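These protein sequences, in sequence, are chains R and D.
Mapping of the first sequence onto the numbering used here: residues 1 to 333, in sequence order.
Mapping of the second sequence onto the numbering used here: residues 1 to 333, in sequence order.
Since the hints were derived computationally from the structure, they do not count as laboratory data.
A couple of the hints might just be wrong.
Pairs involving identical chains hold if they fit within one copy or between any two copies, as the list cannot separate such chains.
Taking lysine to any residue pairs in the SDA-like style, the calculated list, with each CA pair at most 25 Å apart, reads [said to hold, decoys possible]:
(1) LYS170 with HIS44
(2) LYS93 with VAL124
(3) LYS170 with GLY147
(4) LYS223 with GLY189
Just so it is clear, the structure is predicted and the values come from calculations on it, not from any experiment.
2 protein chains.
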Amino acid sequence: MALHPRMDAVLHGDEAVLAPLVARHPILNNRCTVRHADRVVTMHDKPAQVMRHGAGTSMWGAIDSVKDGEATVAVSCGNTGALMAVSMLRLRKLPGVNRPAIACMWPSRNPGGFNLMLDVGADVKAEADDLLQYATMGASYARNGMGLARPRIGILNVGTEEHKGRAELKEAHERMPRVAEIGSFDYVGFVEGGDLPSNRVDVIVTDGFTGNVALKTGEGTAKLISDFMRDAFQVGFWSKVTAVLAMSSLKRLQKRMDPRRVNGGVFLGLNGTVVKSHGAADATGVAAAIGLAYQLAQVRFIERLAARVASAERAGQDDAPKTDAATGSNPTE
Amino acid sequence: MALHPRMDAVLHGDEAVLAPLVARHPILNNRCTVRHADRVVTMHDKPAQVMRHGAGTSMWGAIDSVKDGEATVAVSCGNTGALMAVSMLRLRKLPGVNRPAIACMWPSRNPGGFNLMLDVGADVKAEADDLLQYATMGASYARNGMGLARPRIGILNVGTEEHKGRAELKEAHERMPRVAEIGSFDYVGFVEGGDLPSNRVDVIVTDGFTGNVALKTGEGTAKLISDFMRDAFQVGFWSKVTAVLAMSSLKRLQKRMDPRRVNGGVFLGLNGTVVKSHGAADATGVAAAIGLAYQLAQVRFIERLAARVASAERAGQDDAPKTDAATGSNPTE
Numbered sequence: 001m002a003l004h005p006r007m008d009a010v011l012h013g014d015e016a017v018l019a020p021l022v023a024r025h026p027i028l029n030n031r032c033t034v035r036h037a038d039r040v041v042t043m044h045d046k047p048a049q050v051m052r053h054g055a056g057t058s059m060w061g062a063i064d065s066v067k068d069g070e071a072t073v074a075v076s077c078g079n080t081g082a083l084m085a086v087s088m089l090r091l092r093k094l095p096g097v098n099r100p101a102i103a104c105m106w107p108s109r110n111p112g113g114f115n116l117m118l119d120v121g122a123d124v125k126a127e128a129d130d131l132l133q134y135a136t137m138g139a140s141y142a143r144n145g146m147g148l149a150r151p152r153i154g155i156l157n158v159g160t161e162e163h164k165g166r167a168e169l170k171e172a173h174e175r176m177p178r179v180a181e182i183g184s185f186d187y188v189g190f191v192e193g194g195d196l197p198s199n200r201v202d203v204i205v206t207d208g209f210t211g212n213v214a215l216k217t218g219e220g221t222a223k224l225i226s227d228f229m230r231d232a233f234q235v236g237f238w239s240k241v242t243a244v245l246a247m248s249s250l251k252r253l254q255k256r257m258d259p260r261r262v263n264g265g266v267f268l269g270l271n272g273t274v275v276k277s278h279g280a281a282d283a284t285g286v287a288a289a290i291g292l293a294y295q296l297a298q299v300r301f302i303e304r305l306a307a308r309v310a311s312a313e314r315a316g317q318d319d320a321p322k323t324d325a326a327t328g329s330n331p332t333e
Numbered sequence: 001m002a003l004h005p006r007m008d009a010v011l012h013g014d015e016a017v018l019a020p021l022v023a024r025h026p027i028l029n030n031r032c033t034v035r036h037a038d039r040v041v042t043m044h045d046k047p048a049q050v051m052r053h054g055a056g057t058s059m060w061g062a063i064d065s066v067k068d069g070e071a072t073v074a075v076s077c078g079n080t081g082a083l084m085a086v087s088m089l090r091l092r093k094l095p096g097v098n099r100p101a102i103a104c105m106w107p108s109r110n111p112g113g114f115n116l117m118l119d120v121g122a123d124v125k126a127e128a129d130d131l132l133q134y135a136t137m138g139a140s141y142a143r144n145g146m147g148l149a150r151p152r153i154g155i156l157n158v159g160t161e162e163h164k165g166r167a168e169l170k171e172a173h174e175r176m177p178r179v180a181e182i183g184s185f186d187y188v189g190f191v192e193g194g195d196l197p198s199n200r201v202d203v204i205v206t207d208g209f210t211g212n213v214a215l216k217t218g219e220g221t222a223k224l225i226s227d228f229m230r231d232a233f234q235v236g237f238w239s240k241v242t243a244v245l246a247m248s249s250l251k252r253l254q255k256r257m258d259p260r261r262v263n264g265g266v267f268l269g270l271n272g273t274v275v276k277s278h279g280a281a282d283a284t285g286v287a288a289a290i291g292l293a294y295q296l297a298q299v300r301f302i303e304r305l306a307a308r309v310a311s312a313e314r315a316g317q318d319d320a321p322k323t324d325a326a327t328g329s330n331p332t333e
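Extracted from the complex, chain R is given alone in its bound form (with noise of 0.2 Å):
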């Protein structure tokens, strides 16, 4: 908080721990509010039963906190898919979003180091309309969360020629250019997998079950590049010594693949913001989470949304209808 002076923090859970934990840092005298929930949603909890039963956790509160106006974004490390459903219960839908995203961060060899997708997990399945609408959300927290001015959006498929794919993919395909051109964003065309880390796009765009296979692939590979490295580096006194000497060269490469530098899926598509930190992230990783929902505020980043969600779905009014795609070639006009 020492780099955020404008910002205060309500803090959700037992006061019994965190009143003297806030005390241990003069710096945050003033600053933060503890307001107790005796109960906390577990990672086991399942989602429906928190919509029922979750009034009065650590949780439930934070959200109503955002709510109700006093927070401006909630940030929570807990049960992803229980924070999307009582978010959705309390904060309820932007008008004109169908299915709410969450949006996640994705190294690449982009200028600013990193892409977004979305969806990554909040629903199993997108339909047109829904990926359309990711684009336009997408675009808005890149320009807002991202600093791109006209962030290039693509959508994720098996191949990138246009007669690939799954049907809905293709209709979003032909519909994508008369949003683009409302969102002011460009609009690259069908990715592929391979893609995703490229220079070649800022946002993708897809389905929620895609999405978190995906984010679930790289972060694995990733894991597992790492593992078979340190054994690489194991082998024999020699490579040992060797590893020592090339600590800075693996550090660097190491920053560079931080998931903790990026920690925060954001939900895209509720009456507020809400950032979701890994559960298993550290202090460097909840401070990025605390830092993006900072940076998402200052900027009035829900009010922007809404404001290019409407204007999507105003034109998307005299839009030709979502059934004729196969007549739509030249949607722009």
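Chain R is already provided as a structure; the job is to place chain D on it using the hints.
Below, chain D alone, put in the same frame as chain R:
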């Protein structure tokens, strides 16, 4: 071919190019038959066009070699979509198979160093029946192509809890224990993207859309890290020196991740075996694909696979109706 003394080959392509290449290697004398083809399928040809007009191409000829019993396995580095289309047209699906699949190896923490994933792109979707067949086919491949007596099979999902994921995944999950019993494999339940390189599972079952995205995401992530690593060892004089010293460790790592060692997607579910080598494969990669083809021919893989599919299908006729998944809580009875 020096490694496979009992193997002969029929080479399909331009005789004017192939014959001199064969003549240069005495070991190939009397073991290679060149079958001239005037035309080739290019990487840009659409599968549907190749199905209509592809007769006379080298790809068509290679598949017909298997169809006519002249060859046991076909190996191609060509256009994957066209190869699958021609294979389906000429070889036809195995009795009982609805959707053929492409199976591909994946570096992992397994004792063997690799997992198998299918489908990685033959089709963009898969119903519960298809997923169950992929499990049967993948188990047979793991047994005959990877030497695993009792393969562990998992279904790729966005979480490991039973209530998560799409309807067809839940249905396949409920019916899988019975299929596992017939197919003599172990069903480990749902696995996530992060489990792909794990030692929890030997065969990962998924639809071709998700599998293709996961495969390319994994490859893209590995490539990104490898590029970043090269960058990290290029900053300043000292790290360049270290890179030279670290060479043997880095080579050890590279070998473990080398996709050429397991080059070759295998088409499963047809009346014949087709091995698809990566289009950009070098001599090492093509040799690996040919070695795989040889091994599958040696164990009479296609006959074993057909027998497994047939017995699963016979058992399936006594199975609970597939719409009755909700009540099938004990599908092994």
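Hint check results:
In this assembly of identical chains, the alpha carbons of LYS170 and HIS44 lie at most 25 Å apart only when taken from different copies (19 Å versus 38 Å within one copy). Taking CA atoms no more than 25 Å apart as the test, LYS93 paired with VAL124 passes inside one copy only; the shortest distance there is 17 Å, against 31 Å between copies. Taking the closest pair of Cα atoms, LYS170 and GLY147 never come within 25 Å of each other, the shortest separation being 29 Å inside a single copy and 41 Å across copies. In this homomeric assembly, LYS223 and GLY189 come within 25 Å of each other (Cα to Cα) only across copies, at 22 Å, whereas the closest approach inside a single copy is 30 Å.
The structure fails to meet hint 3 from the earlier list, while all remaining hints are met.
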